[in-house]
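*Asks:* So the sequence lines, in the order shown, correspond to chains A and B.
Using our numbering, you'd call the opening residue of the first sequence number 1 and step up by one each time.
Using our numbering, you'd call the opening residue of the second sequence number 1 and step up by one each time.
Some clues are possibly wrong.
Selected chain B positions facing chain A (Cβ under 7 Å, derived; list incomplete) [said to hold, decoys possible]: (1) THR34; (2) ASN38; (3) LYS121; (4) VAL124; (5) GLY125; (6) ALA127; (7) ILE128; (8) ASP131; (9) ARG135; (10) ARG146.
Worth flagging that the hints you see were computed from the coordinates, not collected in a lab.
Source: prediction; values computed, not measured.
We put the CB at the ideal spot given by N, CA and C, even for glycine.
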Amino acid sequence: MLNRSLKIGIVCPYSWDTPGGVQNHIRDLAEFLIKAGHDVSVLAPAIDESNLPDYVVNAGKPISIPYNGAVARVLFGPVAFARVRQWIAQGEFDLLHLHEPAIPSISLLACWAADGPMVGTFHAAAKRQKIIFAIGPILEPAIEKLSARIAVSEAARLTLTDHLETDAIIIPNGIYATRYSDGNPQEKWSGNAIGFIGRFEEPRKGLSVLVDALPVISRFAPDVKVFVAGPGDPEEVIEGIDPQLRHRFEFLGRISEEEKANFMSSVALYVAPNTGGESFGIILAEALAGGACVVASDIPAFDDLLGHGEFGALFTSENPTELAKVVIDLLRDEEKRKALAIRGKAHAQLFDWTRVGDQIFSVYEMSMVGSQKVGLASDTRPWSRFLNKEEKL
Amino acid sequence: MTRWLVAACILLIILWYLSFTATRLDRLHHRVETSWANLDVLLQKRAAVALEIAHSDIADPASSMLLTAAAYQARDANIQNRSQAESGLSGALGLLLEDAEHLTTAADSALLTELSGLTDKVRVGIAIHTDAVARTHMVRNKPIVRLFRLAGTAPLPITYEFEADVL
Numbered sequence: 001m002l003n004r005s006l007k008i009g010i011v012c013p014y015s016w017d018t019p020g021g022v023q024n025h026i027r028d029l030a031e032f033l034i035k036a037g038h039d040v041s042v043l044a045p046a047i048d049e050s051n052l053p054d055y056v057v058n059a060g061k062p063i064s065i066p067y068n069g070a071v072a073r074v075l076f077g078p079v080a081f082a083r084v085r086q087w088i089a090q091g092e093f094d095l096l097h098l099h100e101p102a103i104p105s106i107s108l109l110a111c112w113a114a115d116g117p118m119v120g121t122f123h124a125a126a127k128r129q130k131i132i133f134a135i136g137p138i139l140e141p142a143i144e145k146l147s148a149r150i151a152v153s154e155a156a157r158l159t160l161t162d163h164l165e166t167d168a169i170i171i172p173n174g175i176y177a178t179r180y181s182d183g184n185p186q187e188k189w190s191g192n193a194i195g196f197i198g199r200f201e202e203p204r205k206g207l208s209v210l211v212d213a214l215p216v217i218s219r220f221a222p223d224v225k226v227f228v229a230g231p232g233d234p235e236e237v238i239e240g241i242d243p244q245l246r247h248r249f250e251f252l253g254r255i256s257e258e259e260k261a262n263f264m265s266s267v268a269l270y271v272a273p274n275t276g277g278e279s280f281g282i283i284l285a286e287a288l289a290g291g292a293c294v295v296a297s298d299i300p301a302f303d304d305l306l307g308h309g310e311f312g313a314l315f316t317s318e319n320p321t322e323l324a325k326v327v328i329d330l331l332r333d334e335e336k337r338k339a340l341a342i343r344g345k346a347h348a349q350l351f352d353w354t355r356v357g358d359q360i361f362s363v364y365e366m367s368m369v370g371s372q373k374v375g376l377a378s379d380t381r382p383w384s385r386f387l388n389k390e391e392k393l
Numbered sequence: 001m002t003r004w005l006v007a008a009c010i011l012l013i014i015l016w017y018l019s020f021t022a023t024r025l026d027r028l029h030h031r032v033e034t035s036w037a038n039l040d041v042l043l044q045k046r047a048a049v050a051l052e053i054a055h056s057d058i059a060d061p062a063s064s065m066l067l068t069a070a071a072y073q074a075r076d077a078n079i080q081n082r083s084q085a086e087s088g089l090s091g092a093l094g095l096l097l098e099d100a101e102h103l104t105t106a107a108d109s110a111l112l113t114e115l116s117g118l119t120d121k122v123r124v125g126i127a128i129h130t131d132a133v134a135r136t137h138m139v140r141n142k143p144i145v146r147l148f149r150l151a152g153t154a155p156l157p158i159t160y161e162f163e164a165d166v167l
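All chains, please: the whole structure from these sequences, using the hints.
*Replies:* Below is the structure:
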């Protein structure tokens, strides 16, 4: 174990002020490393500069591009490149940790510009895309500079091997398991309550699958209630629900971390009907840590996280009939529900930051062996060295 | 006149690309060396811990003998036989730890924790090293690298066939 304090630079490709899994992961990682006594600087695009934590350096205003079924707020271009170079040159980092370096973003720019120990984390899981084979040869030399690659799940690793023919070490995303472990069960969310958390307006979160399954569920469990938490406007969703079932839905809006813990320990079932585009499913890890019994679609990331059904029930993705069947089965059988929740809670400890953070840090250590500090790549090219020498004379 | 300009531009681009590829290859060779050195240190440490375990109360005389032999073999093996010897050591350790789990005392469990920490690091080290080697092979097989002998006199790295699942 290295005992000296390190200077670590982390690059976040997505806008810091929009909520998202990658941003949360980076925030938690940065705070974990700072608590462990390291000096951390996070470079991220941001819309509003006033609300940034003091370890975040603003890289500029992001632009919105469609990516992987959602809108990604990223940043690139010559001005951003100059900013990235400046950050690297001034930072004197021992190590750079780039997130999602294979998409057009400041992560890729940093990977291009820097030289030295670099670790890359790949979050996305996407189907094989033809376009990547066209830009692959350009990405290849850049991605190759990473001394170690981390994938957050088996699905993300497969995406990486498919697209860029390189392997990665799997380290899951982290959660603070203890924050969720002692939630107080709330009366208002008890009974046959089904929980759902997420940006429900996005089709890939799959709330419509749950809506379609409800008529059948309510026939067998007449007192079922669905609690939907997360940012968004419920009007449109409510319009799409059968008027007779509308009163079974309750929209809670965005809820705090503390409420989330209570929510997870209260609801009978936590349902995640996502239809795809998910590479890890941090919310499932949180639900498990909170002691909820989880029902999720069988997309690769969820299947993997739930141990193929050992730590939570799975149903065929985008199939409301199957979802209804699984939900009814579990609502009727409290023993089974409890057993799943207990197994799940034990499993969730694997995702705790104390464990995940150490794993990430040991990859850092391995990448730094025998290397110097991070510098700019252009300084080490032979011809630049040649030119610099002439200047000195 | 323009013809000469175009030709000069193309030549410049080719020269830039050659320099770029040579830098890339140089970086890869450097990576292979450092990652191997790192892995080597870790494996030596692992062999040392294995020897310590062999001399502790965890091991019965028979497994102690097996483990000692495997540890020495792993330490003395040359690079070609190294992965086989290390796999042998992994096997011997696995065999011992399988039935030693319930009878460890506090002092011994510290040794086992050290071993498991080391095993995690070895796993990462192997991943980094094999990747560097595979990459280097790939780049060195490019026609342009062969034609211009960009690899220079650097020896072709040896693929380290470590059976990761044995760990």
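*Asks:* Hint by hint, say whether it matches the structure.
*Replies:* Hints versus structure:
At its closest, the beta carbon of THR34 (chain B) sits 3 Å from a beta carbon of chain A; the interface hint therefore holds under the 7 Å criterion. A cut of 7 Å between beta carbons decides the hint on ASN38 (chain B): the least distance to chain A is about 4 Å, and the hint holds. Residue-level restraint check for LYS121 (chain B) holds (minimum Cβ-Cβ distance to chain A is 6 Å; threshold 7 Å). Taken as an interface hint, VAL124 (chain B) checks out: its beta carbon lies about 5 Å from the nearest beta carbon of chain A, inside 7 Å.
This hint holds: GLY125 (chain B) has a C-beta 6 Å from the nearest C-beta of chain A, less than the 7 Å allowed. For ALA127 (chain B), the interface hint holds, since its Cβ comes within 7 Å of a Cβ in chain A; the closest pair sits about 5 Å apart. A distance limit of 7 Å between C-beta atoms decides the matter here; for ILE128 (chain B) the minimum to chain A is near 5 Å, and the interface restraint holds. At its closest, the beta carbon of ASP131 (chain B) sits 6 Å from a beta carbon of chain A; the interface hint therefore holds under the 7 Å criterion.
Proximity of ARG135 (chain B) to chain A holds as hinted, the smallest CB-CB distance being about 6 Å (cut-off 7 Å). Restraint check, ARG146 (chain B) versus chain A: the minimum CB separation of about 18 Å is more than 7 Å; hint violated.
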